[in-house]
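Chains as they are written, first to last, in my numbering: chain Y, -14 to 540; chain F, 3 to 517.
Some hints could be false.
[Stated by the list, open to error] Partner residues aside, some chain F positions facing chain Y, computed with beta carbon under 7 Å:
#	residue
1	Pro294
2	Ala298
3	Ile426
4	Asn427
5	Val430
6	Met442
7	Val443
8	Val446
9	Ala449
10	Phe450
11	Leu453
12	Val457
13	Pro498
14	Ala500
Worth flagging that the hints you see were computed from the coordinates, not collected in a lab. The model shown is predicted, which means the values in this text are computed figures rather than measured ones. Beta carbons: idealized from backbone N, C-alpha and C, even for Gly.
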Amino acid sequence: MIGTLLNSTSLLLASEFAEESANASNFPMIPALIITPLIGAIIIALIPRSRSDLYKQIAVITSVITGAFSIAMLVAFNTRDSGYQFVIDQPWISDLGISLHFGVDGISLFLVVLTGVIFPIALLGAKVDHDPKPYYGWLMVLMAASMGVFSSLDLVLFFAFFELVLVPMYFLIGLWGHSNRVYAATKFFLYTMLGSAFMLVGLVSLAVLNARAMGGPITFDLVEIAKNQAISVTAGRWIFCAFAVAFAVKVPLFPLHTWLPDAHTEAPTAGSVILAAVMLKLGTYGFIRFGLDLFPEASHWAAPVMMTLGVIGIIYGAVCATMQKDLKRLVAYSSIAHLGFIVLGVFAFSVQGLEGSILIMVNHGISTGALFLLVGWIYERRHTRQIAELSGLQKVAPIFAGVFTLVMLSSIGVPGLNGFPGEFLVLLGSFASARWWGVVAVSGVILAALYLLWAYQRVFHGPVTEPNKGFRELRLTEGLVIAPLLVLIVFLGLYPKPMLDRIEPSVERLLAHVDAEVDGFELREVKFVAPLPGEVEAGHTEAGKTEAGHTEGKP
Amino acid sequence: MIARIVQDSPVQTLAAEAASGTPEIIWSAIAPNLILMLGGVLLLTVVSLLRGKSPSWFPAVWTVVTASLALIALFPLWARVQDEGAQTVMAGAVGLDGFSLFVTGIICLSVIMGALLLEGYVRREGLEGAEWYVLLLLSASGGVTMASANDLIVMFIGLEILSVAAYVLTAMHSKRISSQEAGLKYFVLGAFASAFLLYGIALTYGATGSTNLVRIQRFLSDTVITQNGLLLAGFAFMLVGFGFKIGAAPFHTWAPDVYQGAPSPVTAYMASGIKAAGFAGLLRVFVVTFGPTYGADWRPMVYALAVLSLLVGSFMAIVQTNVKRMLAYSSISHAGFILVAVEASSTQGTSAALFYLLAYTFMVTGSFAIVTIMGRTGDGTHALDDYRGLGRARPGLALIFTVFLLAQAGVPFTAGFLSKFYVINSVVAEGQYALAVIAMVSAVVAAFLYLRVVVAMYFSEDPAAELMESRIKVPVGASIALVIAVVGTLWLGIVPGAVTNVANDAVAQLVAFKS
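In isolation and in its complexed conformation, chain F is listed as follows (with noise of 0.2 Å):
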């Protein structure tokens, strides 16, 4: 089913490369990389030359404009890979496919609605400044490094890239104790997880020769390896630093603990930008370049990944009572759900797992608006008491948020709905009948989750009483943020035809999965 390699152009190009030396750059390939980076170190000297002079707004707009150049800068690389088909360059270094720049658009999305939502958090906070702008521009390129990475040695390079600026971000709220312990929590492990993820890199090159992921695939489905338990050990550590990445279970336990810590629009960024850049190296790695070949072992590890995900994710959820940790599982859950759609391993399956990021992305950030609102100066009020009432004190703000809610447990005419529904499809075309039933099953479960919050908002006799007296601010970037995101819930819901051809589309311009 799964397309075989193509023989002609990356590898030959890739062949010819070699013997000239030097590669040749094509900088117009990677534009919104290099929009993103730029921009990141041009804000930090800008911003140092002004030293200070620069209006508040200055940097999150900067950043704003930034994420949109890079954005439209994808439309002329779409029309060149939709005409030209999938290309790599950078001496096979890179690939330049509809898949990469799907999800470069996704961390595009989400690093504004980051940007939004920061403009007011840091000056409720008191902690302006231009550092996390740049820092979010940083971590942005790292992660569409990573998703168009074609060799997974730039792959790591995106990933720590990516990672590095996160953990900083994590830490970023100087006056609370938790933003720090989860910076360093997020650190430490994260670093962990690193390693396990350049270990298994290692061992795939030892057992492959290469670390081009064109080449690996042509050489798995060239040669039978008679000893692979090189290569599986491989699979099974990169797929450790996959899943830490994307925050499945069982290397979910950092998620809870930094995404509760991080300040708000951060942990926002977080579960859409770096889970986005995490599924795209997964998917990339293991459904392309693994996929045809030995998607026999590694997909009954994906599996469990998935299960446990869902289980642990929805479970677990249920029984917390801060909105930020619910969420967290929730997040966790939600890629369980995911890799259900890598499991399936197939065109259908990654264009699914595409259609599930963007849609996730609207509703995670916009949910995490709503958290930045309600957290108050100071990041803390998260607890789902602080929410009792919300319905009578802010209609508005809490209509809002139960669309989200609602459209994250699966409610139809919502993203959350037709995200489910395609994931459940490539998973049942692959016969895969117990993995979809345990997904629907758990996705109810996980419905509870959010009922309660809803519950809190509306239903709770005593509203909190601090809400009814303390006004909430909403700040004009947040409220910005919230209205893209309902908008692209509600959009992506009941008009999806558009955005699933180009899901489609694609897919089926991805480097070494044509068919």
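Chain Y extracted, bound-state conformation (with noise of 0.2 Å):
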């Protein structure tokens, strides 16, 4: 039933959109983005006790309705437009010059489609065995604050929306996690509300210094500050390093990752698929939305000590995971050796190293979102997620086994799959202009293949020992739900133009910007250095299509 509407009203939008894809942004998109979710934690709100059933109901219900929504937002797209669309700009604090603003480009449209997809997928796939009032009502809260995260395209809009999406995650872990989930929940929030004092008092700064050095009242858009350039050199490094905090911990970077584990383990399943889904991403984004956009000379100027921390992440992250014993802390780990790779590529300041990173993002997102689903699908049979407790699972479950095997590859980056196309540009873009941190970062690459494959090696291989042998198949309805993950993880590894395409003119966009300020860069193609060492071409034959079906879309 469920998918039928999806369908219906995907469709339905579809054509509407299609017969005026013209002046699309008639219909508010964004706020109904916002909206629908909120009116679902509403009704949820409302729904007395009595009726318990009906919460997941409708939680998946307004879930699905946004998602069809993001949906009909990606096929009414504009592919040719590397600005905003669907901008929706009112006034909210006027005197202050504070707007509602809010707009998608190919930036951001992926993140709004990724966040529309995993919710549905993580309501559905996790159960809750307390309180379902609060459960779904916060996370219908979570789902219209993430979707304002990441269309808001004012700075205090954009802060407060920031700042909201820590109250349904704190009260997620806190309510519905695991044994040490209290702690977990504090950390998490403080850690993250930490980094965003320092940007809060950031972005007032470049708010009035912009105003002072424009002469004209004080504004918050983000459009306008970014265009202006107006405030010094100096003051600019300051304030990117005051944004760089806020967003660090929330990618986070080493050394500021010490929340993530312990908030991605303590987390219930849903809880961790939309950390690792949606919340992590926030950081990356913020960095090439706030940091490159707003401050492109401090950005080049941090560049080195930045792609240096995501290396670090990558090495350390996949160090920690080889040498975790709890299986869902192991993903977690990996989450940190991948958000190295996408800081790597938006540091890297070429139009490969960025595509790469959104790329990384949103598929990080699919294969992470599922591994931790399967993860918790296993702690529901198992009632541990002790590596050293599970044996032999694909002799009592094979097609469990088959599709944790897909997605751990896919999140291993094998080619053919999403996870190699993102990883490959960033490497490519970073070998381009920063060759040595892209060396090192190849290594990452092959520890992801160690520590996921020797997990799986101690989990579903070996012998059955005695509790594993009750070990449930995976349901149809489990299948069902990790359904569209599987399809996105093999199209979007075989087939990654279509979201290139969309990205690609925003990019350039964003980098044409970063030349325009800053003196002496040089935006280096993977074209001008041509006798990069041949191993690397030769080495990746599956390279060759994906960057072919990339070439062939540059208009």
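Bring the two chains, given one by one in their own frames, into a single complex with the hints.
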């Protein structure tokens, strides 16, 4: 029923938008994305506890409608337009120049769609054992806030959503998490809030200095401030650092990462899926939208440090993941490694690097979200996440093992699956502009294979020990829930071109902006470094395909 | 940046009035204050005449109606101020301006909240009587006097009316020894602080030759004092006096004990109304009067007070185990935040402080409404452990308390976020980046305190046994207060535009603060 609903709604909307694609912004698409889940939350809050069976249905229906809106947006998105689309701009606090300014471009589009797709899956895929009312209510609030954060084009509005996501996540971890949940929830909240404290001061300073330099009234409009580039170099660097702290905590970058393993491990399954798929992208998205766009000079200045931290994250995350005894913690550490790749790509300042970063953002959301879902199902069956207590699951649950294999391979970045194009592009981009960082980062790819394959071997191979004999095979419902992710894993691995087509104009616009603002900036493309060590190109035959598809897409 | 003094109206009318001998009294200009004071006196009379025959809800309703009338009386005055500009009345002793009207509104609001909470409280505690409400109204009248005073002596009188009533209110719970103790403590230390303030006023008078704020400001901008030691000592002493009233570190030591010992509804009034009056005095004396000329001298003092209050408030709060004490320390850290806006010493800072005071009134009276309800008979169950499992036992109450706590922590789309934002905005506009960072970081530390309460309410495994057994009663008055507070907290956070404009207009029409 829900599937048909999704289909009919999206088709309906798609056809509507096809008709009026010229002025697609007639329908307030982004407000709809934010308000729909909020309406769901309010309905859930109003339903009495005696009808507790309705909570999940309402949550699923509203999240599916929101997801359908996001897909309709994807359909209506104008591929050739590099600027913001579906723009809404209404004053909010007019005397301070704060407005309800929303819009998406190729960079944020897929994060919005990812949010729209992941939430219904997380809702359907994870069970809740107590207090369903607040659980579904908070999840809906979280969805609204996530949609808001990816589509805000006003600094204060962005900050408000950026902080707001903490509250539902805090309750999700604290109320439905595992044994050490209160510690993890509090740590998560305070860490992020500490980072945001600096960002708030930074963004106010930016607006004040911008208004002073321009001589106009104060404004917090992202587009406006990014265009002006009016503040001094020193001020820009200081304010960038204030923003960077907030985003580095969210990413998380080494050494501000310690909240992540706790939060991800203690969170309930739906919470982990959303944390990994959506929340973690806030930091890297912030770096692109509010780092590179607002402070091109300062970002370029800080690039070596950021790339170094990114590479440290790749290696550190991988090494830590290898040593974990807890399967969920292992996946959590693997996120640190993936996010390191994203940061490396962002600060490599090349088209390939940035495109690759955005690809990883989405694909990491898909694969790691799926991994957390699978680990959650293992926990539901066996009530343990300890690798040592699991053994030989492949023999008792071959389909489950097969699904796990596919997802795991996608997370490793095997060519042909969705993890690969992004990592490859990031490495390509960083080889072009920052070769040595790229060289070290490549080892992360190998380490990823090491920790995931080793974990797979211990959990799924080996003798079937007594407690694992009754391990239940993948249920049909579970299979249906995870199926969209599996389809995306294969499709986006084989054919990432539709995504790249939409991302590329925005990325090129962003880098042109950097190019115009930074003295002595030289945009290094792969074509400028033809004598790249042969083994990189030759070693990845699949890479050629992806790359070929990619270049074809260029206008 | 800050305006020069108004050359024309106030001083001239002042001179004219002084010449004619008896100043002309424009009663309508002090209508809100008169309503509060007469309401208190009349209530006392009526209840005495009825000799206990009045229903128990009567004084509470009377107080709410009186404070609401005072609120309504603000509107014509507001329109007048916006049309004709700020003016002084009563021979220049009282300022009729947007600022005083805004603060009067806050005080009236906190009286309404206090009375709503008291209604159920005194019944529960078996302490019915009109004295509570009479004292509340008189104290508020003192607060309004203080907020609108344009003369240091009038300000001092207002402060004393405000404080003496508050001392008695603190000690009014005759069945709790801690209430008496708190009353005595508050009285002794408060008297001490008043003496400091008075001494500071005397020194300022010695240095400037006047107690009238407009005259002082004019004198200071016209004259360069070569030996300003007297004046600076006056600043320091007055700052001690105000610092005590607003509960700023290092003059905060009374606050935790008094907040904890005082009857919970009185604490609610203390944290909102008295604090607003104290800040009104501080802003008018320092920012408005001394700001343009001696900002460089007093701003570092306020800087130090702000930083100390922020740090002491947030760090001491997180180690408390009593919810009332926690809220007391958190109120110290909020005072630090408002002091940051005072330190900015600008029109923007003043309007940020006004917005903050209004927002804080909603958040803190709401929080103490919950505390009042949770205190149960005896007003004694305020330990953090007593809140364990509230989320399960009374989800509604717990959710509302969570809203207030998160708002105080500064979560977006609540009043707390925007009030912090305005403060940071005003201080950054003055180039005080370090202060802004200190304020925000200490807000994160304070957030831990609010989370501790949330953890106790929602995440604890073993709910307080007593909570499950005893039925918590929410009296009608308290539930109205809760609704007002929740609506206010969310309204200021989501559609703040109207209130922000009012706060800006209020500061724009400030005696001797016009540009």
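The hints, checked one at a time:
no. : hint   : in the structure
1   : Pro294 : 21 Å, violated
2   : Ala298 : 21 Å, violated
3   : Ile426 : 5 Å, holds
4   : Asn427 : 5 Å, holds
5   : Val430 : 5 Å, holds
6   : Met442 : 4 Å, holds
7   : Val443 : 5 Å, holds
8   : Val446 : 5 Å, holds
9   : Ala449 : 6 Å, holds
10  : Phe450 : 6 Å, holds
11  : Leu453 : 6 Å, holds
12  : Val457 : 6 Å, holds
13  : Pro498 : 6 Å, holds
14  : Ala500 : 10 Å, violated
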